[in-house]
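Participant: Okay, here's what each chain looks like letter by letter:
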Amino acid sequence: MAEQKWPEKYPVEGKRGRKYGTVAAMRVAPMVKAAIGGAVEAKAQGKAIAYCFIESNYDEIIRAMDIVPMWTENYAGICGAKRDTQRFLDKADSLGFSRSLCTYATCGLGFDAWREELGSMPPEAPWGGQARPDVMLSSGQIICDPRNKWYQAVQQFMPDVPVYNCAALWPLYEDDIDRREVEPYYVKYLAEDLRGLVRFLEEHLHGKMDWDRLWEVIKLADETTDLHAECRELRKAVPTPMDTGDAMNTMVPQAFMMGTQEAHDFYRDLRDELKYKVERGLGVIPEEKYRLIWPGGLPSWFALMDFNYFWSKGAVFPVESTYNELVYPARELDLPRTDDPLEYMAWRWMRRQTYWWDKARKRPGSEPDVEKLITWIEEYKIDGVVIHEAYSCRSWHVGLLWQVNQLAKIYKPIPVLILKEDRKEVEYRELPSLVLESDMIDISSYSEAETRAKIDAFIETLESIKSRKVEV
Amino acid sequence: MPEDDFRPDGGLSTAEKYYEDYGSRARELKKQGKKIIGYLCSLTPLEIVTAAGFIPFRIKGSVKEPITKADTQMETIVCPLVRSCFDITLKGNYDFLDGIIIPHACDSITRSYSTIRYSLGLPYSHFLNLPHTAKDISLEFFKAELDTFRRSLGNFAGEEVSDESLIRTSRLYNENRAKVRELYELRKSDPPLISGTEITKVLVASMSLPVEESTELLSRVVDEVKQRKGISPVQKLPRIMVIGAQVDDATLIKLIEDSGASVVADSVCVGSRDHFPPTDITPDPLDGIADHYLRRLKCPRTYVEWTEGTYDDYLELRFGHIGSSLRDFKVDAVILYILKYCDPFGFEVPARVKYIESLNIPVLHLEDEYSMASIGRLRTRIQAFLEMITSW
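Chains as they are written, first to last, in the numbering used here: chain G, 7 to 478; chain B, 229 to 620.
Read the hints as simulated data drawn from the structure, not as lab findings.
As the structure is a prediction and not an experimental result, all values here were calculated from the model.
Where is the CB? At the ideal position from N, CA and C, for every residue including glycine.
Just to be clear, a hint being listed does not mean it is correct.
[What the hints assert, rightly or not] Here are the simulated lysine to aspartate or glutamate pairs, DMTMM-like style, with alpha carbons at most 20 Å apart:
(1) Lys582(B) / Glu122(G)
(2) Lys363(B) / Glu209(G)
(3) Lys582(B) / Asp166(G)
(4) Lys415(G) / Asp299(B)
(5) Lys568(B) / Glu443(G)
(6) Lys97(G) / Glu595(B)
(7) Lys295(G) / Asp184(G)
(8) Lys582(B) / Asp99(G)
(9) Lys262(B) / Glu388(B)
(10) Lys39(G) / Glu130(G)
(11) Lys582(B) / Asp541(B)
(12) Lys568(B) / Glu469(G)
(13) Lys371(B) / Asp184(G)
(14) Lys371(B) / Glu198(G)
(15) Lys371(B) / Glu180(G)
(16) Lys194(G) / Asp375(B)
(17) Lys418(G) / Glu477(G)
(18) Lys49(G) / Glu198(G)
(19) Lys363(B) / Glu198(G)
(20) Lys371(B) / Glu189(G)
[Said to hold, decoys possible] Covered by chain G, according to a simulated footprint, are these stretches of chain B (three or more residues, beta-carbon under 8 Å):
(21) 263-275
(22) 296-303
(23) 326-340
(24) 534-544
(25) 574-583
[What the hints assert, rightly or not] So, partial list: chain G residues that the calculated Cβ filter (under 8 Å) puts toward chain B:
(26) Pro165
(27) Asn255
(28) Leu407
Using the sequences provided together with the hints, build the complete structure.
Facilitator: As C-alpha cells, then:
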C-alpha cells in the first residue's frame, strides 16, 4: 500500500496500528479515563452520582442539575476493551444471573456486587472503578430490556439507592399509522415523565432545577449535535477521512458528554480536522478499494483492531448506524415552538426516532432502518455491508439479519452482465454482506482466526463483484 | 357450542384433541368464513380483538419440532420460544391467519416485529406499545395507544369497535377467567383432583378457541373433574409450583409429574398469570382494559416502582401474588423455569429465589432452550431436586 504524506498539523501517531486514525479520536481515551476517575473523585467530594444509560433523553437534565453521570454500559465496555470482564461476569454468574443475559449488565452487576461485599473497589478495577451512585436512572425504551431491569437487579445489593425508570418510548413503524397521529400522546407522555424525573432528582438529591440553565444546556447540546452531524457529512468524501473504527471512539462525547462545552469543542475540532483532510484528499487509507457500511450492532470492544485488518485489505467504513441514531440536527426536525424545555426535549426525541419514517413510506417494502441504509449506501458510495451479531444483546442485534435480507430484496444497485440465451443482459444485484459473530465484551465468544477468515472471504467476494460490475 | 364441534365423551378429551391438533378449530372456523388473528404473548388485549369481530388465536411453539426455517431470517439469540413460534408459523402450521398482533413485551418479540410481519406477509399486522412502567401517566399513554389499536383494527374489520362491544367482550373474558380460577380450585385438595399435565393441556387448547367456546370447554372440564371427588386419579405427592414465562407445552409439566410430583400451581403465561386477574368493567371500557394489561398482569417486563418500605417490602410488592399461591395451594417446592435469552425474567432470578426461599420453600432454577434435546438434562435435575425435598 502506498504511503501518503501526512501533514504536521495532524501528525501520525502510529499508536497500536491506528496509523491513519484521527488525532481527535486519540483524545477520547484520556477523556473517558478522566470522566470515570472524576466520578470517583466527585463522590469523595460529596457530589451526586447517577448511574445512567446513554441515549435516554435525560442528558441535559443531569448536566443542568450538576449531577455526575456514571455510564454503566460504558464502564463495562472499558472492562471489555481492557480484556478484564471475566471475573465480573463470573461473579454475576455465581449470583444466579445467566450467561445468556446482556454482558454489559452482568459485568456491571458482578462489579457492583463485589464492590458492595468489599466496601471498596474490586482489586485493580479498570481505571479506578465505577463510583457508587446516589440514584440510578433506568430507561424503559422500546428496546433494551436490560435497561429496564438492570438497576432494579442492582438494588438487591444496594437497596438504599433509589431508581427512576424513565419512559423513553417511541412508536414502531406501521404501514397504516402516520407518526403525526400518535405524536401528541407520545410527546405528552415523554414530557410528563421527564417532569417526574426532575421531581425525583430534586427530592433525592436535594437540588433545584434551574430552568434557564436547562435551556442553555439544551442549546449547547443542539449545537454539539450540529457539529457532529457535520463530521458525518464530511466522511462522505472519497477517500473518507474517518471510518467506523474511529467513530467507535469519537461517539463518546455525543453519547456520554452531551450538554458540556468539552463535547462541543471536541466535535468542533474533529470537524476542522476532517475538513482539513478532505480538502487535501487525505483518507483513512491511501488507496480505498472498498467502502463498507456498519448498519448497527455493537463492536467487540476487545477486538477493534479488526477494523485495522479491514484497512489492510483496502476496505474502509465511511459510515455506521451504531451511535448515529440520534445525530440529526434539531433544525431539520421541524420542532413545534414551545417555552417548556421538557416538552422541547420530548418533541426532539420523538422526531429523531421517527426521522426516516416519511422517506421509508415512499419505497415499497422499506422501513426506516432499511431506508436509512439505502440513503447512506448511495450518499457514501458503499460497496458492501458488514454486521456484527453480539450474542448477549438482543436489543441492538435482533432484526439486523432481517434488515440485511430486506435490503437485498428491495435494493439491487450493482449492474452485472449475465449470459442469457446467447446474449448478454444487464442484471442488478444486491450488495454483498458479511455477518460477524461474537460479543461486545465477552472475549470467550471470539475467535480472531475465524473472524479474519470470514473477512478474507468477504474481501474476495467484493473483488469478484467489482470485476463483474459494468457501467450502465 | 357450535353444531360442528367434535364432542367426544367429556371436556378433558375434547381439550386433549384440541391440544394435540392445535389450531384445528381455528382452521374449521376459517373455512366457515371467520377471520383469525394470531398473537404472541399474554399482553395482547383479547377483548379488543374479539370486539372487532375477529377470533384471537395464540401462536404457540412446539418443543418437539426442531427450529429450521426460522434460523435463516431470525437471529438465534432470540428467545427459543419466539423462534419456535415463528418457525412453526413459517412452516404453514397456522396458514389460516389473517393477521398478527405483537405487543411490546420483550426485546425478542419487539425486535422481531419486522421480521415476522414481512416474512408472514399477512393482510394485517399491528405492534402494540406498552410502556415499561405502570405510573398514572403510563396508564394514560397506554389508553391512548389502545385507542390507536382499536381504530387500526376497526379499519381492518371495516367497522368501528364500539364501547358497547368492548364492554361485552370484557365480560366474556372475565367469565372465562372465572372458569379458570374455578378449575384451579380443584387443584387445592391433596391429592389434587386434576393433574398439572391435564390442566396445561386444557389451558393451551383453550387459547386456540373463540372465548365463548373456551369458556364452555372449561365448564365441561370443571364438571367432569368435580365428578372425581374422593377418587382422584392423582397420587399424593410433593406439591410443586412452576414459575416462568410462557408454558405452552405440557412436556415440562409431564416430566415433573412423571418424576414423582404433582404440579398444583403456577405463575406462568397461559396459566394463572393471564387468567387470575379480572378486568374491571369501567364506563370507558379502555380504562379497565388498560389497567388490566399494564397493572394487573404480573409480567416482569412491566417495572414495579418502589416508593416506600424496605427491600423485603419491595419483593412482597413484586412477588406477593406468588406468595399467596404458595400458601393457597399448599406448595412444597418451586421450579423456576426460565428460557435462555429471556432478559425480563433472567434479571429477576436472584430476587425471585431470595423471595421464595424467605418463605422457607425450596427452589430449583432451570434454564432451558425449549427443545426435546434438553429433556434428559432437565429430568436429571428435577429428579435430584425431588429426591432432595422428599428427604428433608
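Participant: For every hint, state whether the structure bears it out.
Facilitator: Each hint, compared with the structure:
1. Lys582(B) / Glu122(G): Between Lys582(B) and Glu122(G) the Cα gap is close to 18 Å, so the pair holds against 20 Å.
2. Lys363(B) / Glu209(G): 18 Å, holds
3. Lys582(B) / Asp166(G): 18 Å, holds
4. Lys415(G) / Asp299(B): 18 Å, holds
5. Lys568(B) / Glu443(G): 18 Å, holds
6. Lys97(G) / Glu595(B): 18 Å, holds
7. Lys295(G) / Asp184(G): The hint is violated at about 41 Å.
8. Lys582(B) / Asp99(G): Given that 20 Å is the threshold and the Cα spacing comes to 16 Å, the pair holds.
9. Lys262(B) / Glu388(B): Holds. Lys262(B) to Glu388(B) sits at ~18 Å (cutoff 20 Å).
10. Lys39(G) / Glu130(G): 14 Å, holds
11. Lys582(B) / Asp541(B): Holds, at roughly 13 Å.
12. Lys568(B) / Glu469(G): This hinted pair is violated, its Cα atoms lying about 40 Å apart.
13. Lys371(B) / Asp184(G): 18 Å, holds
14. Lys371(B) / Glu198(G): 16 Å, holds
15. Lys371(B) / Glu180(G): Holds. Lys371(B) to Glu180(G) sits at ~19 Å (cutoff 20 Å).
16. Lys194(G) / Asp375(B): Measuring from Cα to Cα gives roughly 16 Å; hence the hint holds.
17. Lys418(G) / Glu477(G): 15 Å, holds
18. Lys49(G) / Glu198(G): Judged against 20 Å, a Cα distance of about 30 Å means the pair is violated.
19. Lys363(B) / Glu198(G): The given pair, whose Cα atoms are some 11 Å apart, holds under the 20 Å limit.
20. Lys371(B) / Glu189(G): Holds, at roughly 14 Å.
21. 263-275: Coverage by chain G is violated for the segment 263-275 of chain B (0 residues, Cβ < 8 Å).
22. 296-303: holds (count 3)
23. 326-340: holds (count 7)
24. 534-544: holds (count 4)
25. 574-583: Contact hint for the segment 574-583 of chain B vs chain G: holds, 8 residues under 8 Å.
26. Pro165: 4 Å, holds
27. Asn255: 26 Å, violated
28. Leu407: 6 Å, holds
In summary, the structure is inconsistent with hints 7, 12, 18, 21, 27 from the numbered list given earlier, while agreeing with the others.
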